[in-house]
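A.B. asks: Residue numbers (numbering that gives the first Met the number 0), protein chains in the order written: chain A, 0 to 85; chain B, 0 to 708.
Read the hints as simulated data drawn from the structure, not as lab findings. These numbers come from a predicted model, not from an experiment. C-beta: ideal position from N, C-alpha, C; glycine also. Careful: at least some of the hints might be erroneous.
[What the hints assert, rightly or not] Have a look at the derived ranges for each label pair, beta carbon to beta carbon:
id	chain 1	residue 1	chain 2	residue 2	range
1	A	N1	B	K123	49 to 59 Å
2	A	N1	B	K667	38 to 48 Å
3	B	E14	A	E24	25 to 35 Å
4	A	E24	B	G683	35 to 45 Å
5	B	G9	A	N14	14 to 24 Å
6	B	K463	A	K26	52 to 62 Å
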Amino acid sequence: MNIKDGVLKIDSSLNNLELEKLSHEIKNNIEQIKEVTIDKKSIVTSSCLFTLLISIKKAKTDISIPILFEEIDIEGFGNVSIISKG
Amino acid sequence: MSTTKDRIIGIFIEESTEIIQQLETELMILEESPWDKSIINEIFRGVHTLKGNANSFGFTKLGGFVHYFEDLLDFYRNPNNQLNKKIIQLIFDAYDVIKEVFELERDKIDKYPKEYENILKQIKESLEIDLEKIEAKIIDNNKIVIHKQHFHHDKFDKDEIKNISKDVKNILLDSINEDKKIFNIVMQFDTDIYIRGYNHTLFFKLFANLGTVVKSFWYMANNIPELEIFDIEKNYINKVSVYLVSSENIDEIQDVFEFIAEDNEVGISIVDISLFESAEDEIMESQLIKVNEDPIKNLSINQSNTSVSNSNTSAKSIRIESSKLDELFDSIGELVIAQSFIDQNELIRSLNNLEINQYLSMLNKTTRLIQNKVMNLRMIPIKDTFLKMKRVARDVSNKTNKEIELILSGEDTEIDKTMVDSLGEPLIHLIRNSIDHGIEANKEDRINANKEEIGKVYLSAMHKGSNFIIEIKDDGRGVDTQKILQKAIEKGIASSEETYTKEEILNFLLVAGFSTAPTITDISGRGVGLDAVKRSIESIKGKIHIESNLGEGTTFRIVLPLTLAIIDGMSVKVKDETFIIPTLSVVESFRAKKGDIQKAQGKGEFINFRGDILPIVKLGELLEIDYEPLDVEQTTLICIEHEKGRYVLQVNELLGRQQVVIKSLSKKLAIIKEISGAAIMGSGVIALILNTEGIREWLDTELENKKIK
């Protein structure tokens with residue numbers, strides 16, 4: 000898990016099993032995290048990544064996750080808008 | 000411990016098995032209504048899903064065959080193309096190949112079914128398919144052109160355009176100038192797509208081969224769990240709306256969804272450029288996604304405004320492992336027992352308090368209600384099993400050259416699911432038997448017997464009391480009981496010195512090795528079938544009865560308990576021990592008079608029961624209970640039905656009739672053949688459930704030993 004100065008950078012190439020493992024690590028270290036970003040070096044492997052972002056936000060609402068509020072360009076996905084009502 | 004991959008393959012196999020079973024039922028309906036395009040559409044959908052699954056999970060032999068079969072079905076979905084008998088037969092033959100090849104691949108046997116190539120060739124010939132053309136359509140991963148019918152739904156949300164930013168909109172509009180089209184693709188997948196091996200991202204990779212994805216909206220579900228219970232197996236993305244710029248035509252876009260397209264899952268539209276222009280003035284950057292402040296906090300405010308489909312969370316049915324239902328049922332059994340404890344507790348009863356009594360009554364009612372509801376969860380209509388028999392009748396009719404009509408009734412009668420699987424084989428055999436042996440050999444014989452040319456076989460189901468009854472009745476020749484008796488004597492099953500009732504003679508048909516068929520065919524007549532039928536029925540606590548009238552026909556009646564988890568029983572007492580006798584086996588309980596009892600030296604006691612001399616089994620002695628033997632006249636006698644002959648059980652007292660939850664015995668106790676299980680009575684007493692078959696076996700051995708001596 001890559002946390003630097005409170006910023007967690009999630010590798011976009013993680014598959015579902017890796018995301019599940021990461022979710023446990025985040026849970027155990029959530030107090031250290033202030034912001035979550037996506038490392039877009041590689042293309043997104045699993046759409047489950049977006050679900051994880053919402054779960055993180057639910058776990059600690061003061062974590063900043065820009066992709067949930069702003070449009071972000073992701074390779075292969077174009078200009079991405081994540082619309083979450085809950 | 001199974002891996003995720005194993006579990007996914009397990010789900011695929013389970014789903015495919017269900018599809019294949021369903022296909023058989025639908026084919027029978029298709030044969031009856033070949034003009035009904037809705038049925039062939041239904042079959043097509045099942046086959047299409049099967050193909051997608053098969054190719055995705057490496058069942059390539061199945062996928063390859065189904066691919067052509069799907070083409071055949073697709074051809075006949077067209078209202079202008081009518082099915083004929085030859086094609087229907089080909090569809091049936093193709094189904095048989097599909098079933099066999101699936102089983103081979105499932106069992107990892109690297110082999111093709113015998114008819115695989117032959118039927119494939121017939122399908123190709125039937126369609127006049129140019130193999131080369133078809134193969135050219137197959138791309139590297141076995142994808143072929145998807146049928147347009149799957150994409151006729153227009154899911155395009157015009158209002159969504161207002162939420163596209165100006166910059167992105169400009170990119171989209173510029174693409175028009177380059178002679179490209181804007182496709183809006185809406186994907187609304189089930190919650191289980193990850194388990195099925197799919198991911199939204201897979202489709203984005205395929206879009207990349209066709210053009211450029213400029214914009215994507217990801218509409219997330221409201222019920223995404225918190226981090227503690229993050230679930231990677233469930234898709235929480237309700238809808239993904241994609242704007243793809245491409246110079247390809249819509250068919251190429253549709254190809255991407257070859258393996259996942261189901262009605263309502265995917266919608267593809269070409270976006271009308273004028274919509275962008277008219278929306279121009281309305282576009283407000285701030286409107287892009289009104290969740291900028293905090294999407295989580297906005298939950299309750301925005302719910303009513305959302306246009307996101309909640310279809311994923313409002314599924315009408317869910318799949319539950321039957322073992323979980325069994326566990327639930329066991330728990331309900333415990334609840335019923337606990338409730339009975341309370342109900343019969345002397346201390347509580349002695350309170351005689353109106354309020355407590357009302358609460359107890361409420362508890363009692365609610366417990367029974369829950370018990371019935373849970374019981375119903377396991378109940379399914381016998382319809383699918385019955386419809387499969389139509390296929391059996393069809394095949395036997397063809398093989399025997401006998402024209403047959405199988406008439407079904409009571410198909411919607413519900414039965415415990417655990418019993419359905421055990422009923423398939425016995426029913427197949429009985430239907431075959433009715434057609435092969437029951438129905439006259441030719442039309443002339445039927446006409447001479449003043450019957451209709453077409454033989455009739457009736458298959459019916461009904462609930463009667465606490466039993467489920469299936470009847471297989473034919474209007475054929477009937478059974479010649481004299482021939483049966485003669486054969487039974489020749490085989491040493493019956494004695495020429497004894498007299499037998501008609502029912503007893505008919506029951507010889509159920510004895511192992513008995514066969515009256517002059518020749519052994521591959522349909523029936525091997526002499527093992529009816530015995531196996533009887534054993535199968537008994538294994539699910541049922542009974543089989545035969546009635547027959549020479550020249551008029553034969554009826555096989557299967558009587559089953561409604562469920563295997565609960566038994567309707569008579570509770571009896573021997574000294575301080577309580578036993579349960581399955582009510583299905585009980586003919587009558589009665590008190591004996593002195594003159595009715597006869598003692599045969601060295602052979603025990605017998606009783607004259609309605610003219611029949613029946614052996615008496617003293618339950619106390621049989622189970623070696625330490626008790627003071629009573630005279631037969633002072634006790635209760637219970638006549639037990641058995642195809643080898645009735646017998647009478649002697650017990651001290653008849654307590655009553657009630658339904659009890661069956662508890663299985665430990666391995667050590669399970670070897671006692673006279674006992675089949677146990678039940679906890681409302682008083683907390685454990686009662687053993689008697690196995691009337693085992694007692695009959697013991698009795699026969701006893702009588703045989705005494706005869707030898």
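A.B. asks: Take the hints in turn and mark each one as holding or not.
C.D. replies: Outcome of the hint check:
{"no.": "1", "hint": "A/N1 x B/K123: 49 to 59 Å", "in the structure": "holds (56 Å)"}
{"no.": "2", "hint": "A/N1 x B/K667: 38 to 48 Å", "in the structure": "violated (59 Å)"}
{"no.": "3", "hint": "B/E14 x A/E24: 25 to 35 Å", "in the structure": "holds (34 Å)"}
{"no.": "4", "hint": "A/E24 x B/G683: 35 to 45 Å", "in the structure": "violated (52 Å)"}
{"no.": "5", "hint": "B/G9 x A/N14: 14 to 24 Å", "in the structure": "holds (20 Å)"}
{"no.": "6", "hint": "B/K463 x A/K26: 52 to 62 Å", "in the structure": "holds (58 Å)"}
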